[in-house]
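S.K.: Listed below, chain by chain, are the residues.
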Amino acid sequence: MNREYFIHYLIMIPIIIVQIYILPLIEVASVAPDLLAIYVLYTVLRFGQIPGMFFGAYTGFVMDLVSFQLLGGAMFSLTLSAFILGYFYSEIRSESFVKSGRFIYLTVFFAFINNLTYTLLTAYEVNFTVADLTLTLTLLPAVYTAVFTSVISVFFPKRYLTI
Amino acid sequence: MKFFPAKFFRNFRQYIFLSLLLTVSLLCMAQSDSPQLMKFRTFTFGLFSVSTEILKNVLNTSSLRSENLTLRQKNAEIQIEVNKLRKAALENEEMKRLLGIKDTSSQILLFSEVVYRVFSSTQGTLVINSGTKNGIERGMPVIAYGGFIGIIHSVDTEYAVIRTLKDVNFKVVVKEQGSRYNGILRWNGNSLKVTNLPKTAELAIGDRIVTSEISSLIPVPLTVGTVSKIINPERGLLSDIEITPSAYLDVVEYVFVLKMKSAQNPFYDLENDLRVNE
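So the sequences go chain by chain: A and B.
Going by this note's numbering, the first sequence opens with residue 7, and the numbers climb by one from there.
Going by this note's numbering, the second sequence opens with residue 161, and the numbers climb by one from there.
One should not assume that every hint holds.
[Stated by the list, open to error] Here are some, though not all, of the chain A residues that point toward chain B, as calculated from beta-carbon distances under 10 Å:
| hint | residue |
| --- | --- |
| 1 | L16 |
| 2 | I21 |
| 3 | I23 |
| 4 | P30 |
| 5 | I32 |
| 6 | L76 |
| 7 | T85 |
| 8 | T125 |
| 9 | V136 |
| 10 | D138 |
| 11 | T140 |
[Claimed, not checked] Computed footprint of chain B on chain A, listed as stretches where at least three residues anywhere in the stretch have a Cβ under 8 Å from a Cβ of chain B:
| hint | stretch |
| --- | --- |
| 12 | 61 to 72 |
| 13 | 86 to 95 |
Hints are computed from structural coordinates only; laboratory data are not their basis.
The beta-carbon is built from N, C-alpha and C at its ideal position, and this holds for glycine as well.
Generate coordinates for the entire structure from the input sequences, incorporating the hints supplied.
M.R.: Structure below.
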């Protein structure tokens, strides 16, 4: 597990470049799919709650550094999301898990918690309406991320998507 | 009893690790703007910008041929235009000399290319490929095709970070060009809003909004956008307006940094003070 787990720390760097440079090309209403959330969720469900939390913290920290946004914001939200979604970790391995509907639902859940926490942390001074906070800023990006996940799961070979 | 700590750790380790990681992230937030951490962040984003710029150049190679052709045509057109302007400038100089008027314009525009941009719902930053070696300082205003887009937030030798209008932490004093009422412009995660304008201000949809001279950040009026919605609550004496930015922040590729005189730049003194305090 250890060697495989730490390889994901290296893979995350090009994933962050893709998130910053490639994914804005498929933005809809200024919202791009959150590839980092998908990848952190994948590691949580593959390696468990605690390794997932550390991976989420690392990913968030690197993202905060290179994006020059509030340092610790993405780190906090990804760690918390990884902790909550860690309760869905199962020892039973399944090749088709990523291709299943359950992974898509969990992506929505993960991205929603992540977006909500991040928005509340970084914009605590702003008076959001409930609709903005729950729908425009959090749920809609989460749904778009889930749609992107389903596209990935269709085109990627099964062996790379084993949980 | 001897093994209590080990048992405690085994049973509650996920909560212990969660608390630890969340505490570290909260500490990072608290120290986000400290000079030491800023230096480290500037170094990291410089490294990242280099790799991203290489990737960008590789991806752009295919479109270079057609872009070259278009640019050659533009170049020819601009050469004709420049010749006309040169003649006009000479005439202007001569007239000024005769009338004894001094040239007061001190702004210099520095062209720069956007290396990458990061937009979340609440924060928006752009990284450009010009830095301190090009004379860029913190706090300089940045414009793109259309108008004002933000200010320089951090600078490395080769790169600089722009905090854009679409960032909840960025506020700027603006005014309606016609009525000259001032208000504070801010991104609320969904739209650009100017709040607390008097209801008596005669505002209409489509009115032009520019940066105000009373702004400590941008002392020259720069176009920000146009009024897209007027929010008049039944109670109270104040109203809000929503602005559509003139510049396309989400797709901007080239920008101009307004190299203002340091005396006009409030960040300049701040930097100096920091250096003196060190």
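S.K.: Which numbered hints turn out to be false for this structure?
M.R.: Hints 1, 2, 5, 9 and 11 contradicted; others consistent.
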